[in-house]
Amino acid sequence: MPSSIDALVERLARNMAQRISRRSFIGGVGALLFGAAGMPLLPVARGESTTPARPDAATDPGDPQSCEYWRHCAIDGFLCGCCGGSGQSCPPGTEHSAVTWVGTCHNPGDGRDYIISYNDCCGKSACGRCLCSRHEDDKPLYVPFRSNDYNWCPGSKVGIAYHCTVARIVGVAK
Amino acid sequence: MAHGSGMNRTRRAWARAALALMASTCGARGWAQLPAEPPAVEQLPSKPTPHWVWVNDTSFFAYPDGRAFLVDGDSGKMLGMLSTGFSFNGVLVPKAGGVIYSPEIYFSRGTRGTRTDVVTIYDATRLEPVGEIEIPPKRASILPMAGAQALTDDERFLLIYNFTPAQSVTVVDMRSRKFVGEIEAAGCALVYPTGPRSFFSICGDGALLVTTLTDAGTLARHVRTAAFIDVVKDPVTEKGVRWRDTWLFASFEGVLHPLRATAAGVEAEPTWPLFTQQELAQHWRTGGLNHLAVHGGSGRLFSIVHQGGPETREELGEEVWVYDVASRKKAQTIAMRNKVGSIQVSQDDHPLLFACAMEANRLDIYDVTSGRYLRTVEPLGQTPALLVTP
Amino acid sequence: MQPLAQPVVLTPTVQANYMLNCMGCHLADGSGAAGKVPSVRDSMVILSQSVAGRRYLVQVPGASQSPLSDLELAQVLSWMVRNLSAQAVPPDFTDFTAAEVASYRSYPLVDVRDTRARLLQAAARSADAGD
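Chains as they are written, first to last, in numbering that gives the first Met the number 0: chain A, 0 to 173; chain B, 0 to 389; chain C, 0 to 130.
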């Protein structure tokens with residue numbers, strides 16, 4: 000995008016902000032980040048390290064380092080859990096690529112359909128372990144937001160060196 | 000083909016001289032010792048045989064180190080190799096001969112640093128780079144497929160699909176060896192040429208975007224067709240193959256969608272099934288990665304198949320079914336010795352079927368007419384993914 | 000003894016539709032990726048103020064080509080304007096309707112970049128003129 004357009008947008012936005020009160024702005028952001036029960040629904044953090052959540056065997060069955068794990072229903076790549084990361088976190092020194100594709104997997108433990116974000120960890124060559132290629136309800140390259148045959152590292156800052164893939168829960172569909 | 004035809008003439012001259020020297024010193028008793036051997040570098044013959052195949056290896060486990068292996072299908076010998084950089088898709092071999100084109104990606108520090116995308120031009124007999132054209136560092140990094148890059152029908156322009164994730168097409172003039180420009184292709188993917196200045200891409204709503212270029216390779220016109228598939232219910236795979244003026248695409252559920260290039264644009268022709276009701280009931284479906292191939296002369300379509308549920312459509316197949324495109328009937332079944340994911344067919348009158356899989360480092364070769372397994376070339380590469388015949 | 004299970008908090012359908020069809024590229028806060036995916040945090044409010052801008056928001060391939068119905072797309076676009084904008088939403092902003100989406104959607108946009116630039120430049124000219 001030409002930077003002149005971005006500068007234009009910024010100027011327009013500032014112009015608008017001066018004309019509108021701030022109260023409605025705060026309400027909007029609050030509704031975005033937290034659902035009714037106060038649980039975060041749309042994680043905004045990008046690439047920062049987090050403490051990986053520990054699955055409860057009853058509601059989150061299966062081995063997170065296996066291809067058959069329920070969250071891996073449409074994963075295509077190396078499982079970061081075998082590479083020094085986890086199902087939610089990237090291995091040290093790799094960049095969690097925010098741009099990716101988002102799918103849905105059914106959890107047999109609690110019967111829910113979870114929204115899963117398959118982010119790639121980038122900046123290093125292949126982890127080479129736990130290669131897993133599953134295609135539940137994914138689409139060809141011409142439907143990019145449903146396609147796992149893209150290397151999703153191009154959206155990262157560090158570039159297209161693909162290392163591994165995580166499978167993060169970002170919501171509950173039903 | 001005689002083995003000697005591949006030898007460097009200089010090397011033969013040296014050998015003859017050495018023999019003559021030995022004969023003159025050793026007399027009637029024969030050799031006293033083996034002759035000294037000067038260093039030499041092989042060159043390929045100036046023209047490929049129809050049974051050569053380029054085995055393009057994307058090196059998924061060592062992504063910076065892509066390779067293209069040249070194999071002689073008749074002898075099973077590896078003839079040479081190209082080192083082709085990051086997230087390698089495949090080489091393009093213009094029919095005019097003499098050169099090989101290879102879109103390549105390099106990082107200044109291997110896996111990081113400054114990214115540079117180029118089209119490398121290799122001399123086809125020496126397999127050495129003789130030219131390089133820099134292009135926008137946006138080439139799509141995907142599982143290898145033919146639709147990622149293509150030459151226009153007159154081989155003047157090279158088209159490359161970009162994904163950043165913004166979608167566009169890079170156009171390179173291979174005659175002047177210059178980057179021409181980048182054409183926006185929002186919402187549409189890949190490049191399928193239909194003429195000397197035209198190609199189509201497939202859009203996310205199941206329509207086609209038909210792009211016409213000016214004579215200089217810039218954008219002349221964009222036309223969107225109506226949707227030809229239901230993307231939600233039964234999309235086609237990207238691995239279409241071309242027979243004359245018609246592109247043949249297979250859907251997830253085995254429906255064959257012919258797309259014919261006409262003066263007006265691209266027309267969807269009536270579809271036909273790759274599987275009978277009985278075969279569908281037995282869960283036969285297409286499998287693999289680059290799972291279709293065409294033999295132009297006989298009008299035959301080759302398709303990797305296996306039995307499995309819908310989510311198995313990218314799994315390897317154990318058979319290749321051959322269809323007569325004109326009559327839309329299955330004509331032949333070729334059983335695979337090993338499970339395969341990518342196939343290609345030579346375009347001569349005694350064609351060979353080449354087959355490989357990213358999961359295995361080998362190339363299998365079959366005789367098409369008899370369906371007979373001939374030979375395997377192994378070990379070969381790391382994750383061979385796309386087969387290209389010259 | 001296990002504590003009683005927490006009540007299930009389903010992601011509201013509109014947000015789930017944003018996650019599945021848009022969030023992968025535009026990200027959770029709509030900021031996208033500079034040079035690759037446009038941010039929607041400033042531009043959507045601006046574009047939603049004009050007919051041509053609203054038409055663009057429906058016709059841009061990510062929106063028009065999504066598997067969402069016209070009603071679902073209308074709801075997602077409205078949600079995006081109201082929740083992903085960095086600035087407050089003008090009180091006269093009206094939600095997208097299914098009929099509105101349907102009227103624009105069947106004419107997919109090909110020149111996306113130029114159209115977006117043109118619309119934003121036009122909006123800037125209006126703002127400068129004190130509209």
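Just to be clear, a hint being listed does not mean it is correct.
20 Å max Cα-Cα, derived SDA-like pairs, lysine to any residue [as the list claims (entries may be wrong)]:
no.: 1; chain 1: C; residue 1: LYS35; chain 2: A; residue 2: SER132
no.: 2; chain 1: A; residue 1: LYS156; chain 2: C; residue 2: SER30
no.: 3; chain 1: B; residue 1: LYS232; chain 2: B; residue 2: LEU279
no.: 4; chain 1: B; residue 1: LYS338; chain 2: A; residue 2: SER132
no.: 5; chain 1: A; residue 1: LYS173; chain 2: C; residue 2: PRO11
no.: 6; chain 1: B; residue 1: LYS232; chain 2: B; residue 2: THR217
no.: 7; chain 1: A; residue 1: LYS156; chain 2: C; residue 2: LYS35
no.: 8; chain 1: B; residue 1: LYS338; chain 2: B; residue 2: GLN277
no.: 9; chain 1: B; residue 1: LYS338; chain 2: A; residue 2: ARG133
Hints were generated in silico from the structure; no laboratory data involved.
Computed from a prediction, not measured in an experiment: that's the story for all the values here.
Taking the hints in turn, this is what the structure says about them:
1. C/LYS35 to A/SER132: 27 Å, violated
2. A/LYS156 to C/SER30: It holds: about 14 Å lies between the C-alpha atoms, which stays within 20 Å.
3. B/LYS232 to B/LEU279: Holds, because 16 Å separates the two Cα atoms, which is no more than 20 Å.
4. B/LYS338 to A/SER132: Status holds; Cα separation ~16 Å.
5. A/LYS173 to C/PRO11: 9 Å, holds
6. B/LYS232 to B/THR217: Roughly 36 Å separates the two Cα atoms, so the pair is violated.
7. A/LYS156 to C/LYS35: 11 Å, holds
8. B/LYS338 to B/GLN277: Violated: B/LYS338 and B/GLN277 sit about 23 Å apart, past 20 Å.
9. B/LYS338 to A/ARG133: 18 Å, holds
Checked against the numbered hints above, the structure violates hints 1, 6, 8; every other hint is satisfied.
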